[in-house]
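K.L.:
Sequence:
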Amino acid sequence: MGLPMVDPKHPDWKVSTKLRANARALRRNSTDPERIIWSELRGGRLNGANFRRQVPIENYIADFICHAAKLVIELDGGQHFSDKGERADARRSAIIEARGFKVLRFSNLDVMTNRAGVLETIATTVAERAPTPTLPRKREREQTVSVEKKQP
73 MGLPMVDPKH PDWKVSTKLR ANARALRRNS TDPERIIWSE LRGGRLNGAN FRRQVPIENY
133 IADFICHAAK LVIELDGGQH FSDKGERADA RRSAIIEARG FKVLRFSNLD VMTNRAGVLE
193 TIATTVAERA PTPTLPRKRE REQTVSVEKK QP
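Numbered as in our numbering, the sequence shown ends at 224 without a single skipped number.
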């Protein structure tokens, strides 16, 4: 029995208690490359795009996800580069892409040696896929109030 997924556009997504617990454990025990990328993605730091980390999708846990851009980012360690690992990753990507997401994969080595290039690729993909962001409501109200006060 699963709990409803947070994404309101997909109320039919169910996440098992075990998968949710695994995602929480992965958030607590993230790798160095995951911490590096998360420090750049969290809190809308990458051009205002909101990302979440270690999010369950189907029977998998995506490293990072941006719902607005329908983008999943996966960071792959050495075990992913064997024949078996590549086949498993292809199946995983196909299932995630069937949900409408685009999957970007980067090796841990890429993150450690070319962080700027990885972030540029992510930012470009988000810009291509995300709808135009709107101003937060608070900022809109502040601008409206300040304009009204200036008029005599």
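Simulated from the structure, these hints should not be mistaken for lab results. Just to be clear, a hint being listed does not mean it is correct.
In silico lysine-lysine, DSBU-like type, Cα no more than 35 Å apart, as pairs [what the hints assert, rightly or not]:
no.: 1; residue 1: 174; residue 2: 86
no.: 2; residue 1: 156; residue 2: 142
no.: 3; residue 1: 174; residue 2: 142
no.: 4; residue 1: 156; residue 2: 174
no.: 5; residue 1: 90; residue 2: 174
no.: 6; residue 1: 142; residue 2: 86
no.: 7; residue 1: 86; residue 2: 156
no.: 8; residue 1: 142; residue 2: 90
The calculated label-pair distances, taken between Cβ atoms and stated as ranges, are [stated by the list, open to error]:
no.: 9; residue 1: 175; residue 2: 107; range: 34 to 42 Å
no.: 10; residue 1: 161; residue 2: 189; range: 29 to 37 Å
no.: 11; residue 1: 188; residue 2: 92; range: 18 to 26 Å
no.: 12; residue 1: 203; residue 2: 155; range: 25 to 33 Å
no.: 13; residue 1: 200; residue 2: 90; range: 34 to 42 Å
Everything numeric in this text was worked out from a predicted model, so none of it was measured. Glycine residues also receive a C-beta, built at the ideal position from the N, C-alpha and C atoms.
K.L.:
Run every hint past the structure and note whether it holds.
P.N.:
Cross-check of the supplied hints:
1. Proposed proximity of residue 174 and residue 86 is supported: the alpha carbons are some 21 Å apart, at most 35 Å.
2. Annotation: proposed proximity of residue 156 to residue 142 holds, straight-line Cα distance about 27 Å (limit 35 Å).
3. For the proposed pair residue 174 and residue 142, the alpha carbon gap of about 6 Å is at most 35 Å, so the pair holds.
4. Restraint check for residue 156 and residue 174: satisfied, since their Cα atoms lie roughly 22 Å apart, inside the 35 Å limit.
5. Taken as a hint, the residue 90 and residue 174 pair is honoured in the structure, with Cα atoms around 25 Å apart against an allowance of 35 Å.
6. Using a Cα cut-off of 35 Å, the hinted pair residue 142 and residue 86 holds, with the two alpha carbons roughly 18 Å apart.
7. Note on residue 86 and residue 156: the hinted pairing holds, with a Cα-Cα distance of about 28 Å set against a maximum of 35 Å.
8. Between residue 142 and residue 90 the CA atoms are separated by roughly 25 Å; this keeps the pair inside 35 Å, and the hint holds.
9. Taking 34 to 42 Å as the suggested C-beta distance range, the pair residue 175 and residue 107 does not conform, at roughly 21 Å.
10. The beta-carbon spacing between residue 161 and residue 189, approximately 21 Å, falls outside the hinted interval of 29 to 37 Å.
11. Checked against the hint of 18 to 26 Å, the pair residue 188 and residue 92 fails, with Cβ atoms roughly 34 Å apart.
12. Take residue 203 and residue 155: their Cβ atoms lie about 39 Å apart, and the range 25 to 33 Å is violated.
13. A hinted range of 34 to 42 Å holds for the C-beta pair residue 200 and residue 90, which are about 35 Å apart.
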